[in-house]
Amino acid sequence: MAYYTTNDFRSGMKVMLDGDPCSILDNEFVKPGKGQAFNRVKLRNLKTGRQWERTFKSGESLEGADVMDRAMEYLYTDGEFWYFMESDTFEQYQADAAAVGDSYLWLKEQDKCDVTLYNGVPLSITPPNFVELQIIETDPGLKGDTATGGTKPAKLTTGAVVKVPLFISNGEVIRVDTRTGEYQSRASKS
Amino acid sequence: MRKRAALLSALRQFFSDRAILEVETPLLCRSGITDPAIEPFVVQNGDSLQQPRFLQTSPEYAMKRLLAAWGEPIFQISKAFRNGEAGSRHNPEFSLLEWYRPGFDHHQLMAEVADLVRICLGERALQKYSYRQLFQDRLQVDPFAATIAELQTIARRHLDPGTLSGDRDLWLDLLMSHVLQPQLGQGTMCFVYDYPVSQAALARVVQADELSVGQRFELFVDGMELANGYCELTDAAEQRQRFERDNALRRERGQCERPVDELLLAALAHGLPDCSGVALGVDRLLMLATGASHIRDVLAFDWERS
Chain A
157 MAYYTTNDFR SGMKVMLDGD PCSILDNEFV KPGKGQAFNR VKLRNLKTGR
207 QWERTFKSGE SLEGADVMDR AMEYLYTDGE FWYFMESDTF EQYQADAAAV
257 GDSYLWLKEQ DKCDVTLYNG VPLSITPPNF VELQIIETDP GLKGDTATGG
307 TKPAKLTTGA VVKVPLFISN GEVIRVDTRT GEYQSRASKS
Chain B
82 MRKRAALLSA LRQFFSDRAI LEVETPLLCR SGITDPAIEP FVVQNGDSLQ
132 QPRFLQTSPE YAMKRLLAAW GEPIFQISKA FRNGEAGSRH NPEFSLLEWY
182 RPGFDHHQLM AEVADLVRIC LGERALQKYS YRQLFQDRLQ VDPFAATIAE
232 LQTIARRHLD PGTLSGDRDL WLDLLMSHVL QPQLGQGTMC FVYDYPVSQA
282 ALARVVQADE LSVGQRFELF VDGMELANGY CELTDAAEQR QRFERDNALR
332 RERGQCERPV DELLLAALAH GLPDCSGVAL GVDRLLMLAT GASHIRDVLA
382 FDWERS
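Chains as they are written, first to last, in this note's numbering: chain A, 157 to 346; chain B, 82 to 387.
Calculated directly from the structure, the hints in this document are not laboratory data.
All C-beta atoms, glycine included, are put in the ideal place defined by N, C-alpha and C.
Just to be clear, a hint being listed does not mean it is correct.
In silico DSS-like links for lysine-lysine, alpha-carbon gap of 25 Å or less [as the list claims (entries may be wrong)]:
id	chain 1	residue 1	chain 2	residue 2
1	A	Lys-213	A	Lys-268
2	A	Lys-190	B	Lys-209
3	A	Lys-190	A	Lys-264
4	A	Lys-190	B	Lys-160
5	A	Lys-264	A	Lys-213
6	A	Lys-213	A	Lys-190
Quick partial rundown of chain B residues pointing at chain A, CB under 7 Å, derived from the structure [what the hints assert, rightly or not]:
id	residue
7	His-239
8	Leu-251
9	Gly-304
10	Glu-306
Far from chain A, by Cβ distances over 12 Å, these chain B residues were calculated [what the hints assert, rightly or not]:
id	residue
11	Pro-133
12	Leu-245
13	Ala-329
Take the sequences, apply the hints, and build the full model.
In structure tokens, the structure reads:
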């Protein structure tokens, strides 16, 4: 891979640091008028998700990381791996539990996900911002109670548990914001 | 643009009221700065060039030659160029206000800088710390005595320096720019003065409280470094030594050497009056006056669009 110096660092660039692939979020040039120049760089470790700032001497360089984001279709899981496919090449990738993390809660077959590949292997999965999933377990719906604003837990097909309004019944399909894990609405009829 | 015009006019009025003469000196000079931390742009080719010339990184050397010849207070508002300095507070081409006061020491000049800043930014309380006192108060360390290991330990408490390595000045610069500076002059203006000799640059070095200090000062406003000044070194022999030390350090760091400015040294040998001088970033002053968070917001066309 190519090497990048602090002058080249741009938001979104992927570099290797301490053996892990990291994404550059921000790069600030800091230089006292008569002193040495630094770059204060905000990074995210793509393996652990940790965000932090590290200071480099200006002109230092880091190796680029072989990391790319691809849109893929989620196929299925065999319990050990989760399988994804690139729609245009039909190439399949298997992601392990470390890469999937908590995202399995929002994976629905045939949904489009962003898969981050590191050296050609899935490193992390970003589900769509909104998914529609069916409720498999919740207390009976209170018909007509659309006003009190109360909520109850509801378990979805994926195993995720979200808070839903009291009027929602078992078996209904709901729309969830995967970034917050919050109920949005009943699913649009399709 | 209108605010810049108004600011420039206010600055010129300030100096005119104090009978300080506006001057202009060359931008394209035979000698570049020797300071290892500052890189000039080099102009290589042209029919008028027998040898490469340097775009000046500040008008300091030329203004000192005028002072040696004249002995009158002078100021200049000009462009200056620093290669590789680009960021939210740096543009490789920028505007610098620089002025010199024969007979002033650096404390008298700090008072005058404060007067000017008040005119541009409104009334602000004035704070003054010596460099040593600032480090002792805020970081409980004596910057003149601490070892590299002690400074490293303090830095690691506040930030992630990764694999940074360097001399004492690197760690002092890191603590100053990352830990101390962001808090300096918030809602006020804060002068820091009397720097370690290794950071004296072109300031006179004196003995104070059994320590050698460089009579240099910097001004910080709302966490931004705004001005840098000296009680000026007037000794030609010592100036030559500092140029040579700079070049030795440049060799050590793998940088190319810079030709020494013999014209400045000749002027110092002829006699520079005791004086103090200061350089102030005009673009940054405008950022503070307008609340801009990026230098490009106060430039007609920034580096990317110039």
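Hint check:
Annotation: proposed proximity of Lys-213(A) to Lys-268(A) is violated, straight-line Cα distance about 41 Å (limit 25 Å). In summary, the hint linking Lys-190(A) to Lys-209(B) is supported, as the alpha carbons are separated by about 19 Å, within the 25 Å threshold. Note on Lys-190(A) and Lys-264(A): the hinted pairing is violated, with a Cα-Cα distance of about 57 Å set against a maximum of 25 Å. As the CA atoms of Lys-190(A) and Lys-160(B) are separated by approximately 18 Å, the hinted pair is consistent with the 25 Å bound.
Pair hint Lys-264(A) plus Lys-213(A) does not hold up; C-alpha atoms about 46 Å apart against a cutoff of 25 Å. As the CA atoms of Lys-213(A) and Lys-190(A) are separated by approximately 15 Å, the hinted pair is consistent with the 25 Å bound. For His-239(B), the shortest C-beta to C-beta distance to chain A is roughly 10 Å, which exceeds 7 Å, and the interface hint is violated. Because the smallest distance between the Cβ of Leu-251(B) and any Cβ of chain A comes to about 5 Å, under 7 Å, the interface hint for this residue holds.
A cut of 7 Å between beta carbons decides the hint on Gly-304(B): the least distance to chain A is about 11 Å, and the hint is violated. Satisfaction of the interface hint for Glu-306(B) is found here, the shortest Cβ-Cβ separation to chain A being roughly 6 Å, below the 7 Å cut-off. Under the 12 Å C-beta cut-off, the non-interface status given to Pro-133(B) relative to chain A holds; the minimum distance is some 22 Å. Look at Leu-245(B): its CB is around 6 Å from the nearest CB on chain A, not clear of 12 Å, so calling it non-interface is violated.
Every beta carbon of chain A lies more than 12 Å from that of Ala-329(B), the smallest distance being close to 16 Å; the non-interface claim holds.
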